[in-house]
Amino acid sequence: MSAQLRKLVSSTEIKLDGKLIHEILTHKPYCMTSTSPKFIQGVELLDDREWGKVGSVRLWKFISQDGKTSVAKDIIEAVDDANKSVTFRMIEGDILMVYNTFAITYNFDKVGGSNLVTCTFEYEKKDDNIPDPHSFMDVCLNGIKDIEAYHLN
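UniProt numbering puts the first residue of the sequence shown at 1, with every later residue one more than the last.
Be careful, since some hints might not be right.
Said to hold, decoys possible - Taking lysine-lysine pairs in the DSS-like style, the calculated list, with each CA pair at most 30 Å apart, reads:
id, residue 1, residue 2
1, Lys28, Lys73
2, Lys19, Lys53
3, Lys15, Lys53
4, Lys68, Lys110
5, Lys110, Lys126
6, Lys73, Lys53
Bear in mind the hints are in silico, worked out from the structure with no lab data behind them.
Using the sequences plus the hints, can you model the full thing?
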């Protein structure tokens, strides 16, 4: 068993200011069924909190990297609208079959004249032979690009 907390970080430049994308990821994730239909099939709020509130539990239905329909349940752990940051932790779903813990943080920053999104995974593998989640990172960043393309068109 592997008990080491690992981190995978990737950034990409975006044309839009991060405010709109942060708003969708945090407060209006249901819009992603329109912006990323090849990936996001649905998202439901499972408790009586509002979308985007710390403690909110969401159920995602999506197409995984291998093309299969999957589900995941997450809980929002941190939201910073002023600094355009959100963190959520997976609490159920296929990803927890290979990772003991899995959290995702999105940060949107302006660096020089560029808008950047940084996606950070913090995870603990169940086994050292489990690969790092690079392909899932690609899916997450492609979802951001889908949101951007939808709003630029």
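Quiz item: Which of the stated hints cannot be reconciled with the structure, identified by number in ascending sequence?
Solution: Those not satisfied are hints 4 and 5.
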